[in-house]
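Throw the hints in and build the complete structure from the sequences for me.
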Amino acid sequence: MAAPLLELQDVHASYGSIKALKGISLTVYPGEIVAMIGANGAGKSTTLMTICGIVQVQKGDIFYRGTSIKGTPPETLPPLGLCQVPEGRRIFPRLTVRENLELGAFYRRERTAIDRDIDQAYSFFPILKERRNQQGGTLSGGEQQMLAIARALMSRPKLLLMDEPSLGLAPKIVQKIFDIIAEINKEGTTILLVEQNANLALQTAQRGYVLETGAISMEDQAATLLDNPDIRKAYLGE
Amino acid sequence: MEYFIQQFINGITLGGVYALIALGYTMVYGVIQLINFAHGEFFAAGGYMGVILLAYMTGAGYLETHPFLCIAGAGVLTMAYTAFLAMGVERMAYKPLRYASRLSLLVSALGMSIFLSNGLMLTQGVFDKPYPSELTHGGFEIGPISVGYLQVIIVGMTAVLLVGLNILVFKTRIGMAMRATAQDKIMSSLVSISSNRIIALTFAIGAGLAACAGMMTGFYYGSVRYDMGFVPGIKAFAAAVLGGIGNITGAMLGGVIIGMVEVFGAAYISGQYKDVFAFIIMIAVLYFKPTGIMGENVDDTRV
Amino acid sequence: MIRECKKVLKPFVLGLLWLLALLWPLLGIHPDGTLSFANAFQVWLYIAAVAFVCVFLYVLNKSGNLDFAARPAAVLHGRVSEAAGRIPAKAWIGLLLGFALIYPQITGRYEQDVAINVLIYICLGLGLNIVIGLAGMLDLGYIAFYGVGAYSYALLNTNFGISFWFSLPFAAVLAALAGCIIGYPTLRMRGDYLAIVTLGFGEIVRLILNNWMTLTNGPNGILGIDPPSFYFLSFDGGLSFEHLYLKKLHYLYYIALFLAVFTIIAVRRLNFSRIGRAWESIREDETAAELMGVNTFLLKLLAYAMGAVFAGLAGAFFSARMRFVSPESFTFLESALVLAMVVLGGMASIPGIILGVMALIVLPEVFREFELYRMLAVGGAMTVMMVFKPRGLIPAKRVGTRSEEKEG
Amino acid sequence: MRKQLLTMLVLGLILVPFAVSPAATKTLRIGSMSPLTGPYAADGNDIKNGTLTAIEIFEEEGGIPGFDEIELYPQDTACDPKQAVAAANKLLNLEVVGVIGAYCSSSTIPASETLAEEDIPMITPASTNEQVTERGLPYMFRMCGRDDDQSKVAVQFIKESLNADSIFIVDDKTTYSQGLADGVEKECEKAGIEVLGHDHVNQGDKDFSALLTKAKSKGADVFYMSMQNHATGSLMTIQAKRLGLDAQILTQDANMHPNFIKVAKDAAEGVMVTFGYVDESTPEYKKYAKKFSAKYGEIGAYGTYAYDAATVLLKAIKESGSTDPEDIKAEIMNMNFQGASKMVKFRPNGDSGSNYIVFVIKDGEYVKYWDPAKGKL
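Which chain is which? The protein sequence lines are A, B, C and D, in order.
The opening residue of the first sequence carries number 1 in this note's numbering; numbering runs sequentially from there.
The opening residue of the second sequence carries number 1001 in this note's numbering; numbering runs sequentially from there.
The opening residue of the third sequence carries number 2001 in this note's numbering; numbering runs sequentially from there.
The opening residue of the fourth sequence carries number 3001 in this note's numbering; numbering runs sequentially from there.
If you're looking for bench data, these hints aren't it; they were derived computationally from the structure.
Some hints could be false.
[To be verified] Beta-carbon label-pair distances, calculated as ranges:
hint: 1; chain 1: C; residue 1: V2008; chain 2: A; residue 2: P171; range: 41 to 49 Å
hint: 2; chain 1: A; residue 1: R65; chain 2: B; residue 2: F1170; range: 43 to 51 Å
hint: 3; chain 1: C; residue 1: V2008; chain 2: D; residue 2: E3269; range: 53 to 61 Å
[Said to hold, decoys possible] The calculated BS3-like cross-link candidates involving lysine-lysine, where the alpha carbons are at most 25 Å apart (straight line), are:
hint: 4; chain 1: C; residue 1: K2007; chain 2: A; residue 2: K59
hint: 5; chain 1: A; residue 1: K70; chain 2: C; residue 2: K2248
hint: 6; chain 1: A; residue 1: K70; chain 2: C; residue 2: K2007
hint: 7; chain 1: D; residue 1: K3082; chain 2: C; residue 2: K2248
hint: 8; chain 1: A; residue 1: K59; chain 2: C; residue 2: K2248
hint: 9; chain 1: D; residue 1: K3290; chain 2: D; residue 2: K3362
[Stated by the list, open to error] Covered by chain A, according to a simulated footprint, are these stretches of chain B (three or more residues, beta-carbon under 8 Å):
hint: 10; region: 1172-1179
hint: 11; region: 1187-1201
Where is the CB? At the ideal position from N, CA and C, for every residue including glycine.
So, in structure tokens, the structure goes:
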């Protein structure tokens, strides 16, 4: 297999005195979609925040494209092609849709290329074009999720971390979002997907990790995990 | 009627001074939600740096030969100095507290305010320092009403800065980054905005504005004093909140309203209660519109 | 060790260069058109030397080179606190109270005067703590209630001759009333809007005290206030009451001690009562508290009123001790000082606030010898303490994240 | 909790070593109280320096028999009553034999009550409020004049020399400045001068345009300015001139300060000031001025009075040969000598009288203009 794009080696992290991650090791290879599933509070979002440098690594190391990114400030990562669609979307509520998109490309300087990418995003999500002068906070949940994805794509990421893209959305829209995710992946972006909706996530992903109270409890091909009776019982409600 | 117009001119000038300080106040607040009590001290430091440079230029004889070049030069250096000071204060006293309780930050700011004003006193002495104001003290008369050039300059400057700042914040890349940082620091760092740099920059701009105001008031009133920052600092804070804190146009409006209320209160009712009127108007406005005149209805958890 | 050095060295050097760049123009540019360097460099070198020693110790400590000293110290500390732990808390409190009781016997006037100040500010700090620490509302005009209390006693005493002890409840009630008046319009506001409105009210009260000549005698203040007094049964020449004024400082000290102990007990009771829990729920999440059936309107008003009561008591004592009140004692800086004490010590923590009060009253007195550098040191110390201990010297255990701070 | 209690106990114990046990050296300890920090620090330092000058001159001239040295303990009051009382208590602890100060009347009054408990003599060089010496304190003395004296002189001047009919009064709301302004208002009404307005500004104000416009529109002959601080005075003068207020500006002793002219510059020309007459030609003044300016630079408004106050105290101790307050008082009451500021002679209530005259600012200098006894000079 090719060299891993992202590799976590025994990563520990904590919020204040609460230990959130107790030795996470995972690998993401170029071109794949990796799903990370687990219950509420298992440490999924913390893992992503730790990769992005928001939460400090206490022990262990994180490698991106072979070099350690432990301790680098979060704002230096998007230029390297590592980008996140965070939990709860975190649209800038009082910035317009267009401004939100422009911010996605904040580190890039070439005006024409950015304008072209924005047009591309609009063609990808026509609804955003309609709403381009509205404030981000006035969009509906689904529209915000699309905006969040489009914003992340503006930085032309190689690896996209997605946190709960289905959270709080109507089932119909969830399906649409996952179609989009698959399409983004098809165009060459590697995706690490964190989801509570294990069924959908594992159907979309190639491989999967199961997280339990801050540690990886299982790791396998997505299809295998989907067939695992324990998983079905614990996360798929059967 | 002449009396009214004259007082109106007085009010708008005073309002301009408050607005100039409030602009910086509100910018800093907008980005990190900090009531920067040290802002008044930046104002004083600006006033002092101006007087130091101008006195030096007078002593060295430059001011006589190239008056306007000197004033412009002193202005630029003063703003740079104060911006530098503010960035240092931010780095030392506020940055370590970025994720601490806002009250801790407030106390740290109070400490800085006391520290800076006493530092000014120790290095520059307790006496007020005169500005070389002969250059700028002219004026003209329209009928019985006299208007000073400086009054025009202060009001004009405030208007220009208002427009300039609005352009900066709403039309430029940096401004967009500032607004993003103000709304969500984590998310803005995820889109590769260095919030530390943006905050430092905001402090620099805010302090530069305060320094500009400090020099203007130095020229206008004729002298500076080490404790000159305290009262205008509070008034500017009131002005910024009255206009809707974080809102640039609001700060300007708030400053003018406070200035007007003070002047007309003093002119028609009583000089001793003018601050009372200013605060009562502020409280009344906030009572009916708790987010200030131009304030947006931001969601509860963030206020 | 080398690694730590490298990490610290760069910001340290940059910081010192920055300081030099800020300091030199203030000291080195002269109005006669000359520049000098020696003066600024000298001051700078002093600061640099002190800073260097601090950083050096820090690095040594970080890299473990101080272990030979730190370890026995830690062991000692551990043993002492263990030994201290064996003695029950009640004994400690008793010991402390005992010390407080004999304090005037072993000290001079000046120390007693400082101690009285400490005790007054303990009342103020704990009162403000109800508003800020418990109910979570930022109040920058708290000193106004202190002023109301002080003027209540001053006016009652000079106009109607009412004695200190009878005036105390009046002062408390009037201050509580003022609390409600200030509290009412501010209830709709949150965060910094609340801060500026309370600041405004504080200033209004001060300006009224300063300007209402017929009532308060304006800036001249009120003179000739009676000190606290006691009636003693006297038997010479038949049974009569002897009126004794307590002018001596240590009598006043005991009254202050009594007020402070009263405040500590009352605040502690409030803290752990139903009302205290309701206040905490408002602090943590006002909307949720309201949904749970907490009457936030009444409780917030009550927080203001209760906070004001203690300030009123302290104020009445203040005017009785000074025998003179003037509006200058009730400036914004004073409010800021009390706020700083509360935050510095640790919000909502009673021992913390007591420690905070001691720090901010005793520090300026320690620095009194340095005259001009005094306030500079106090200001600097406030910032430094916050930077290193943002939650206060003794943080309270029960404080969660406040709703307004969740964002970060 | 226990650890915290321990920490508190330790901190409490820190308070104990404050007890400064006075050593049995032959040092004469005197105290001074003045605002060394805060807005009035300028005048406060002036008082401290004046007192120090007196001590230096005294020591050069042989000191006081029985004492090796004289030591001054300058205390900061910050013009805050609470700090003034703390400072007084501190001085009592240091066992000073006398105190020079304080500056603000609102500090002097409560501090003197504290000092009176231990019968320590206090001589104020700057507090002019009547109440300072009107409370029956036995050991309270005053070197400077009183507000009521000054207001009488001011009004007499307005009537006799300026021949004015109307006046507009402004003060900045302090015990001192308002007391004086009220006095002027009262005297004016008595003298039949129409008071067109009496307005106030607050401490820390910088913008007086509204008030000055009002004063201008009333068209009074005299604009009377009573300020606690010359910084406020100079700002108001500048703004008054700029606004074209053509009334004669008359002001009081606090504005008798070199910095007033330095800041107000041209605007100060023609401003008239009432001030205690200091004969700068006496050898006593020259001796003082030489010493003071050599060490501390320019002489401010209250340095001279502080010098005289300290001289009175030291002289009384020297000549009575005792530090007992009763002896000091007796000696002070007997005094009659030429000081640096005036002829020093005390009245039974502790006042030493005043000799206010009017100065005018001309070519950047204070020039004597009018004396209530002699008329125009």
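Comparing the hints with the structure gives:
1. C:V2008 with A:P171: 41 to 49 Å: violated (55 Å)
2. A:R65 with B:F1170: 43 to 51 Å: violated (37 Å)
3. C:V2008 with D:E3269: 53 to 61 Å: holds (59 Å)
4. C:K2007 with A:K59: holds (19 Å)
5. A:K70 with C:K2248: violated (66 Å)
6. A:K70 with C:K2007: With Cα atoms ~16 Å apart, A:K70 and C:K2007 stay inside 25 Å; holds.
7. D:K3082 with C:K2248: holds (17 Å)
8. A:K59 with C:K2248: At roughly 63 Å apart (the allowed maximum being 25 Å), C:K2248 and A:K59 break the hint.
9. D:K3290 with D:K3362: holds (24 Å)
10. 1172-1179: This one holds; 4 residues, not fewer than the three required, reach chain A with a Cβ under 8 Å.
11. 1187-1201: holds (count 9)
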